[in-house]
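Listed here are the chains, written in short residue letters.
Number of protein chains: 2
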Amino acid sequence: MSLRGLAVDPRCRCIETESRRIGKHIKSVELFPPSPHCKDLEIIATLMTTGQEICLDPSAPWVKKIIDRIIVKKP
Amino acid sequence: MSLRGLAVDPRCRCIETESRRIGKHIKSVELFPPSPHCKDLEIIATLMTTGQEICLDPSAPWVKKIIDRIIVKKP
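As you go down the protein sequences, you meet chains A and B in turn.
Note that my numbering has the first sequence beginning at 1, numbered continuously upward.
Note that my numbering has the second sequence beginning at 1, numbered continuously upward.
What the hints contain is simulated information worked out from the structure, not anything from laboratory work.
Each statement offered as a hint is correct.
Copies of the same chain look alike in the list, so a pair counts if it fits in one copy or across any two.
With a straight-line Cα cutoff of 20 Å, these simulated SDA-like cross-link-like pairs (lysine to any residue) come out:
| # | residue 1 | residue 2 |
| --- | --- | --- |
| 1 | Lys27 | Lys39 |
| 2 | Lys64 | Ser28 |
| 3 | Lys24 | Ser35 |
| 4 | Lys65 | Leu41 |
| 5 | Lys27 | Ile71 |
| 6 | Lys65 | Met48 |
| 7 | Lys24 | Pro34 |
| 8 | Lys27 | Thr50 |
| 9 | Lys24 | Trp62 |
| 10 | Lys39 | Arg69 |
| 11 | Lys24 | Pro36 |
| 12 | Lys64 | Leu41 |
| 13 | Lys64 | Ser19 |
| 14 | Lys27 | Asp40 |
| 15 | Lys65 | Ser28 |
| 16 | Lys64 | Pro33 |
| 17 | Lys27 | Asp57 |
| 18 | Lys64 | Glu30 |
Construct the entire structure; sequences and hints are all you get.
Put into structure tokens, the structure is as follows:
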């Protein structure tokens with residue numbers, strides 16, 4: 001399973017992050033808080049159509065907006 | 001892989017949600033926005049020690065607090 005930007009090294013999962021705004025294509029978002037294995041917060045989105053996993057930049061405002069929109073959105 | 005509270009039915013993943021505050025035990029949190037398959041926002045935490053996946057209540061204030069703490073926390 002080739003995971004764009006995901007590290008092979010078990011410590012941190014992300015090598016690079018996606019700069020394009022892919023909000024509309026996101027099926028799920030997984031948050032990995034800093035841990036003994038990786039000192040960085042990592043945010044990995046799974047894309048709807050391909051199921052591909054893509055690292056998002058935790059410091060990018062649009063990423064936080066997506067997360068806020070997901071958890072605040074009322075059906 | 002027995003997933004506490006997770007549905008066998010592919011539509012929604014969660015049948016029940018965890019009411020105890022398990023913030024300290026969380027390795028990662030995955031957010032599943034409402035979709036054609038499931039009209040509910042679903043939040044699934046993976047526990048550190050066991051790797052067990054547990055559904056969290058999206059409407060519980062402590063759950064939102066955990067997510068905010070994860071994405072706002074600076075290392």
